[in-house]
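Protein chains in written order, with the working numbering: chain X, 1219 to 1542; chain H, 1219 to 1542; chain D, 42 to 367; chain V, 42 to 367.
One thing to keep in mind: the hints can contain errors.
[Said to hold, decoys possible] The calculated DSSO-like cross-link candidates involving lysine-lysine, where the alpha carbons are at most 27 Å apart (straight line), are: (1) Lys1257/H / Lys1460/H; (2) Lys1523/H / Lys289/D; (3) Lys54/D / Lys232/D; (4) Lys1460/X / Lys1531/X; (5) Lys232/D / Lys1257/H; (6) Lys323/D / Lys1257/H; (7) Lys1523/X / Lys77/V; (8) Lys1531/H / Lys1460/X; (9) Lys1531/X / Lys1460/H; (10) Lys1326/X / Lys1460/X; (11) Lys289/D / Lys1257/H; (12) Lys232/V / Lys1257/X; (13) Lys1257/X / Lys289/V; (14) Lys54/V / Lys1257/X.
Calculated from the structure, these hints are not laboratory results.
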Amino acid sequence: MPVLNYLESINQALHQEMERDESVFVLGEDVGEFGGAFKATAGLWERFGGRRVVDTPMCEWAFIGLANGAAMMGLKPVVEIQFADFISTGFDPIVQYTATTHYRWGAKIPLVIRAPWGGGSCAGPFHSQCKEAWFTHCPGLKVVIPSTPHDAKGLLIAAIRDPNPVIFFEPKHLYRREKSEVPETPYTVAIGEAAIRREGDDLSIITYGAMVTEALDAAETLSGEDASCEVIDLRTLVPLDKETILASVRKTSRALIVHEAVRTGGFGAEVAALIAEEAFAALDAPPARLTAPDTPVPHSPPLEKAFRPNAEKIAARARELLAY
Amino acid sequence: MPVLNYLESINQALHQEMERDESVFVLGEDVGEFGGAFKATAGLWERFGGRRVVDTPMCEWAFIGLANGAAMMGLKPVVEIQFADFISTGFDPIVQYTATTHYRWGAKIPLVIRAPWGGGSCAGPFHSQCKEAWFTHCPGLKVVIPSTPHDAKGLLIAAIRDPNPVIFFEPKHLYRREKSEVPETPYTVAIGEAAIRREGDDLSIITYGAMVTEALDAAETLSGEDASCEVIDLRTLVPLDKETILASVRKTSRALIVHEAVRTGGFGAEVAALIAEEAFAALDAPPARLTAPDTPVPHSPPLEKAFRPNAEKIAARARELLAY
Amino acid sequence: MSPDLINEHSNEKLLDLLYWMMLTRGVDDRSEALFKQGRFPGSIFSQDGHEAISVGSSIVLEEGDAIAPMHRDLGSYLVRGMSPGRIFAQAMGRTGGPSRGRDVNTHGLGDLSLRIFGYVSHLPQSMGVALGAAYSFLYRGEDRVAMTYFGDGAASEGGCHEALNLAAVLDAPIIFILENNRYAFSTPLEKQCRIENLAIRAQGYGIPGVTIDGTDILAVLDATREAVERARSGAGPSLIECKNLRLKGHAIHDPADYVPAELMEYWKARDPIELFRERLEKNGVLDETTLSSLRSRVENEIEEGVRWAENSPWPEPGTLEEDVFA
Amino acid sequence: MSPDLINEHSNEKLLDLLYWMMLTRGVDDRSEALFKQGRFPGSIFSQDGHEAISVGSSIVLEEGDAIAPMHRDLGSYLVRGMSPGRIFAQAMGRTGGPSRGRDVNTHGLGDLSLRIFGYVSHLPQSMGVALGAAYSFLYRGEDRVAMTYFGDGAASEGGCHEALNLAAVLDAPIIFILENNRYAFSTPLEKQCRIENLAIRAQGYGIPGVTIDGTDILAVLDATREAVERARSGAGPSLIECKNLRLKGHAIHDPADYVPAELMEYWKARDPIELFRERLEKNGVLDETTLSSLRSRVENEIEEGVRWAENSPWPEPGTLEEDVFA
Ligand SMILES: Cc1ncc(C[n+]2csc(CCOP(=O)(O)OP(=O)(O)O)c2C)c(N)n1
Ligand SMILES: Cc1ncc(C[n+]2csc(CCOP(=O)(O)OP(=O)(O)O)c2C)c(N)n1
Ligand SMILES: [Mg+2]
Ligand SMILES: [Mg+2]
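One chain only, chain X, in its complex shape (with noise of 0.2 Å):
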């Protein structure tokens, strides 16, 4: 099976799915001829042509109400937002017009919305942003972040193939740097279902996007400390995997959840919360969140190493928990 990375299987769902269905189409800024800041829409512009491959001025507000529009007319927008950090930029229309619609007068937005998200490159706090819980508030979206080269190819189709409205936050740090077998052949992830990436029966960990890898590490490093760690990656935040959450803090009894986002009001909040709520006889230790701090990104390197979670950091607070 051929290996690619992240940002290849980004790329070849957008080929397959636009040649598979003439009303998919891609719009944003700089995603033509160009090929989108950080090459992503690559080629599409080549092979589908302006019509499909749209290059817009810099104005969120209307290429996302465009796409409202042109969704609701039977077309399959996949907007690019540059980076995730400019969502809120184009926020008004996503939380007002694309999430509400459905239940308000029944009227299908099937569209994705795109974005390079997250930390991890010095970047600094406007190219780093970890934003997720803000759409996850917003009933009527979908919220998916994919953590591997396969998922991100499969839940990009599955997100351009749903009759809703998606989020899909891309980790950018993941880009180039994760690679994975990714099967030729068009296919589908299911929107919805966690995976358990590594099966362990001391303590769940609970994250997504780029915090899977960390996670893995941490319960690497674990595992060679006779702790037996079980790595759940969401996948999906909206609809969110309750059963694969709850089951496996059943058999543990013991939660760790890890997000790059700041710590108050993170999708953490929400996992940790179910987790007491419906598996709280289960529990023999407290649900933990290891989360960024409640900060800006920090630009520099010693700064931005302090605020974001990593193996290191993940395997500390696993330890506690283990010996609570």
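Put chains H, D and V with the ligands on the given structure of chain X with help from the hints.
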């Protein structure tokens, strides 16, 4: 002591702070001669003139941007967003500039953004929203939601005097319904301190905004059933008064968190996660959340009634927890 | 006024225009009465004074064209096929409204089978949405156009600029109708901008922009027809600014004391329906009999609509969590 | 070019202008070198080709005026008193930068004591911020002005429209400098709008707007001086569009292959520093000796800046959570 309703107390706070401090000014849509959509700014324009009571065109992005700049120059802007729902239109400058600037390069942004907030009036999906969780996830912003006229005045004055940006949500359902004794002279209520509205031993009901009176009604009902509920009014979500919450839960061993916002990713998750993490050993029942379901806010009376938590639903959920 | 335009239309067409304006006004008046009886939970927006704009523009559209009206465009909904009954049912919170009790008054009054897009409060999002419909026509090589509306207030919002510019860049087949009624809620035009005619902004996007009398339905119709033809022929978007005044408050609770009496009088004397009625009478198109038969036709439709709405069931609380996702 | 303008300035002033442009270019070149040596974590924006704009406009300001530059305005920071050392320290992630390691490259390069507002990435938020400073001058009756910058790309953002209009409505003492370098990242002007000169949009706000040659520092200075005088006299905002081309890629990683070679050649031949140097030479203001002494002055300041920055400590991880709140 004079008895004022919620709106009158807001209005009085604005009058008194503008009187006290020449640098305080008010801006927003229709806040001038008209006195604001809810009349919260009535009389200010006549008293302080158009320079200090600024009617803006419809441009939430720009007038919040203006407030950012003016605040850094030492003024104290008090921005009114006509309905809290419209804060999404001015979201970008708040979450990117207002929230981060002090951390980034040290400039203080002492502004207040006031917004009539919440449902209960069949006003539909766009005049009823409770999106405080968006802001609690933005380090650098304080988030305040007073539930009584007394607190509204004291917290608004505290917010205006705070050197930090404060998002100030006013449960508009209470504007004319809630009355309380409000000292004539200016005073502050400390930002970051919860209030215990009713003491109790068996269950902590933790809430804020318009749900406080509902919780108190529920507690009253339950007291007739020999259950003693403590009712905590958070008043401030950021910074959160963890001590008061944890002390209460350690005493009662049971917690019910109630809010009008939708469930997933709501601030209740943060409170539940906090309790689960830090009062774990004291809990005799799972920390539970009673919230609106994950839908846009529906308009029709039977739907809005089903959507919104109230005393009856709180009492019912409390009974379950008490029986756990 | 547009002296020559009346000759371009058949009597039947002219009476049709009057009928739609009267129906619009009738639904609005009846809504006010129903609201005062406590039968409309929430709030409502009057659109008295906007009838010539909503009717005169939307009447130009053909089947398959798309429309995204704003909150003063009852006329557009009616003309494009939304029945009064469904509009009343929406305001009453009944399942017979397009939103089945979920959205309020004219918000969310959408129906894709009619190619009407329901709006959200957050102005002027309909501009982006309509642009999306227009883009879909381009995309599929269809001979269709999209039309949308925004006010002088919404014209100050950033989205307005983005949508106009993006439409221009894409050569999208779209018509933007600017309803410049001189007020955004209580805020007069003088506090909203430093210009009198907003249509000059079209130059900044490289598209045609005209300013016309929004009380003259034939002028509206004429300008719209030109813009629609332009769009349909592939020549891209246009902006049409229609000047008028809201003849009542912003919403039902607003007495609009802030509007100077002389200004209100000036525009009340230019009530678009009265103007058109007089004009038709003067031109021998309308007589007493025709008028009273139009009146009773409108009355009947409204009666029937109200009855239909009141027979429409309330939503079941158990359906609350349905349809968040498709 | 602006043939007569050169006579309006003393030789000293003219050499000063050249000095600031050379310093700007020098800091930029050195930044590129430091980046390539791996000493700048993150990324950087070149501003080659923008020196006449940033220097020629900001030099007009007086003490107490406020400025909110964008990412091609190194010159403005320098002219307004930010030392090269602090700028290098910022890019290196050291505590000596204005953000003490928290913000990256020219982002967040703010210093209230210099009345420089650090920018956020989200364009064009500096326009709103500068407007707030301008409003504070009005508010306090101070004789000061604010100046801010935005690109042709940011001009398509809604915020640009809102800020220009709000500034006009408030008669705010502010100067908006539009750096129309024909590209927003890879997107050429033709894909961003259907007009060539964006300054005509000023008419839509009822404010003056001019389009000038952004490679001619004297033209920039002249237009800015007029706008500043206007603002200071209470006559409100102005828009100045300066046309130029970025002479390198959007950011350090971008080779800018998408810029047609002829276009690049055309503008490379109009390098603002070279143009001005030649002009000064032709007018007898500059000779070899002066030029080489300017060069070594610039070199020395840059050397000193780099040394200063490298001696500046890294931030302590323990300070991570400080200063979120004041
Ligand atoms: C983004 C946004 N801000 C504020 C409001 C509240 N609001 C509703 S209608 C209105 C005035 C609209 O004025 P205009 O666009 O001129 O339309 P008109 O009501 O005059 O027809 C305002 C301020 C809103 N709907 N959307
Ligand atoms: C709201 C927003 N969207 C996207 C970006 C990403 N971005 C950074 S600079 C840039 C191009 C800016 O073009 P322009 O305003 O012309 O300035 P220039 O870089 O050409 O000087 C883009 C798209 C951004 N910074 N802000
Ligand atoms: Mg209006
Ligand atoms: Mg540019």
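Here is how each hint holds up against the structure:
1. Lys1257/H / Lys1460/H: Violated, at roughly 35 Å.
2. Lys1523/H / Lys289/D: Not satisfied, since the Cα-Cα distance of roughly 32 Å exceeds 27 Å.
3. Lys54/D / Lys232/D: Violated, because 40 Å separates the two Cα atoms, which is more than 27 Å.
4. Lys1460/X / Lys1531/X: The given pair, whose Cα atoms are some 26 Å apart, holds under the 27 Å limit.
5. Lys232/D / Lys1257/H: holds, 19 Å
6. Lys323/D / Lys1257/H: With Cα atoms ~47 Å apart, Lys323/D and Lys1257/H exceed 27 Å; violated.
7. Lys1523/X / Lys77/V: Given pair Lys1523/X, Lys77/V holds - Cα atoms ~22 Å apart, limit 27 Å.
8. Lys1531/H / Lys1460/X: holds, 24 Å
9. Lys1531/X / Lys1460/H: holds, 24 Å
10. Lys1326/X / Lys1460/X: Since the Cα atoms of Lys1326/X and Lys1460/X sit roughly 26 Å apart, the hinted pair holds (cutoff 27 Å).
11. Lys289/D / Lys1257/H: holds, 19 Å
12. Lys232/V / Lys1257/X: Holds, because 19 Å separates the two Cα atoms, which is no more than 27 Å.
13. Lys1257/X / Lys289/V: Holds, at roughly 19 Å.
14. Lys54/V / Lys1257/X: violated, 46 Å
Hints 1, 2, 3, 6, 14, counting from the list given before, are not met by this structure.
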